Amino acid sequence: MRQFFPVEDLARDERFVQTNMAERMKDGRTAIELKESSAKSRGASKRLTPERHDASDAARGLMHGIMVGEIQALEGAGRTAHDFAAGDGTNDTVPFELKLDMARQAWDEARHVEISAKLSDWMGTELGEFAENTVLFEAACSNDPILRLAGVNRALEGLAIDVFTQMKEFGDIAGDPYLEFCEDWMLADEVTHVKMGSDWLRKVTANDPDRRNKALEFQQVVDKLFSFGGARGESPESSFTLAKRFRELAGFTDDEVKTISEMDAEALAERRAAVLRYREKVGADAPA
Amino acid sequence: MSDVTTETPNVTVSPAKFSFVEFDADEIATLVSELAAMLEIANPIRVIVDETTPLAKLSEELDGTGPEATITLHAESGALEDRQHPMSFSVTNASESFGRILLRAHDRLRPDFTDAPEDLDLTLEENAAWDTYCAGRLARLGIRVNQQRWRYNHRNRFGFDDSVDVAFDALWAADDLGWADVVATARG
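Chains as they are written, first to last, in our numbering: chain C, 1 to 288; chain S, 1 to 188.
If we strip away everything but chain C, and leave its shape as in the complex, we get (with noise of 0.2 Å):
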């Protein structure tokens, strides 16, 4: 069977279209607000509520989000789970049980997978109505299997974690009791694969800092582009927060999730410039 499968070569059936980031970047449009808001303006918040004036469509979407990224997980879990030999870690191996809980991962994002489709069809979305950007599973593209546990494990399930409490409220206070049980039950298994990518991270490269330290700014660098352009944040412009409790349950230290906090933040400012710039360019106005 091949080894490292390149983001280009993901299977997918006649009903998806895949996207990247770089597509993505090039769509000046943006829902963040760059100058106050009007009076009359209904659901000012981004935040991703009920209280929304779109709150089902925006849960539609990100529920779609969701969806193919337990696909891309479920293929990046799977692929380190075989493409790398069992050893010592070092050279290209990774331990025997670390090949094992990537094969246990796969088969909880299999699950997530199922849940996720069942959940689409629950609130009215077909698969494939959205665009997939497979961004995810290019953070389990690295060839080093320890940048992989950062990428995936750590910053792409970390994500999830953040994602699945937002819905899990979502769908308390919303009454919906399909979207809170189901989100709750996936997301106790993303703090345990967070987990054990923070496990495996500092036991592999226990005698190996630099290897740790060249992790850990690749999970920086991917947690910066899972913000979204601050998509993710403190700010009532994100649609979804920080979940710092279930991060910390997963070996997030403080200072971690400060770092990814602070860079939310970052990304936000930096997504406002670039959509003010390119408004400059097209010789557009803000919207009143």
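In short, the hints are calculated from the structure, not lab data.
Keep in mind that the hints are not guaranteed to be accurate.
[Claimed, not checked] Straight-line C-alpha distance at most 35 Å; calculated DSBU-like pairs for lysine-lysine: (1) S:LYS57 x C:LYS244; (2) C:LYS118 x C:LYS244; (3) C:LYS118 x C:LYS168; (4) C:LYS203 x C:LYS168; (5) C:LYS258 x C:LYS214; (6) C:LYS118 x S:LYS57; (7) C:LYS258 x C:LYS26; (8) S:LYS57 x C:LYS26; (9) C:LYS214 x C:LYS244; (10) S:LYS17 x C:LYS26; (11) C:LYS195 x C:LYS244; (12) C:LYS168 x C:LYS258; (13) C:LYS224 x C:LYS244; (14) C:LYS168 x S:LYS57; (15) C:LYS99 x C:LYS203; (16) C:LYS99 x C:LYS244; (17) S:LYS57 x C:LYS224; (18) C:LYS99 x C:LYS168; (19) S:LYS17 x C:LYS281; (20) C:LYS203 x C:LYS258; (21) S:LYS57 x C:LYS281; (22) C:LYS118 x C:LYS99; (23) C:LYS214 x C:LYS26; (24) C:LYS118 x C:LYS195.
Note that the structure is a prediction, hence the values are computed from the model and not measured.
Using the hints provided, position chain S relative to the given structure of chain C.
Below, chain S without anything else, positioned relative to chain C:
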């Protein structure tokens, strides 16, 4: 930026040229004209698209209630785009979006809708009830509408239980309601 005006029933679209999305004002004007003809709306129509946001808010307003009253449709670009190919126009999604607010405009021309609040003053529940009523009628007119999407929207506003589904089904199947009937049917 000048508007685009179609040759047939007086539809203008602003902006005439799009910078953020790959939309064509003529195509939008033609689509809205066809939908208006299908819904038997002869009033002049202005379409204003906010192409600077990917959100999908829609609203309509009228400057009167007679046949000469101008209907203004406001659409954020996300309501008209192809969700698989962001920034590209989708006739299917635009038909549903414009169809929905044209039906609302059509309702507002009726005497028994004069007490309906302006769009931005509707409560979230009132908004959802009216959307359900419009989406059901659109589906029967042959416009592609995903009923489950609107059922989920309705449940989010009224609750997740069987009585809400019964009210949803009644609204979905209804025709010729006044505003008070729409609100009462939604409440079950």
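These are the hints, each one checked on the structure:
no. : hint                : verdict
1   : S:LYS57 x C:LYS244  : holds, 32 Å
2   : C:LYS118 x C:LYS244 : holds, 28 Å
3   : C:LYS118 x C:LYS168 : holds, 16 Å
4   : C:LYS203 x C:LYS168 : holds, 32 Å
5   : C:LYS258 x C:LYS214 : holds, 19 Å
6   : C:LYS118 x S:LYS57  : holds, 27 Å
7   : C:LYS258 x C:LYS26  : holds, 29 Å
8   : S:LYS57 x C:LYS26   : holds, 22 Å
9   : C:LYS214 x C:LYS244 : holds, 24 Å
10  : S:LYS17 x C:LYS26   : holds, 18 Å
11  : C:LYS195 x C:LYS244 : holds, 14 Å
12  : C:LYS168 x C:LYS258 : holds, 23 Å
13  : C:LYS224 x C:LYS244 : holds, 16 Å
14  : C:LYS168 x S:LYS57  : holds, 25 Å
15  : C:LYS99 x C:LYS203  : holds, 14 Å
16  : C:LYS99 x C:LYS244  : holds, 28 Å
17  : S:LYS57 x C:LYS224  : holds, 29 Å
18  : C:LYS99 x C:LYS168  : holds, 30 Å
19  : S:LYS17 x C:LYS281  : holds, 15 Å
20  : C:LYS203 x C:LYS258 : holds, 23 Å
21  : S:LYS57 x C:LYS281  : holds, 26 Å
22  : C:LYS118 x C:LYS99  : holds, 29 Å
23  : C:LYS214 x C:LYS26  : holds, 30 Å
24  : C:LYS118 x C:LYS195 : holds, 27 Å
Consistency note: the structure conflicts with none of the earlier hints.
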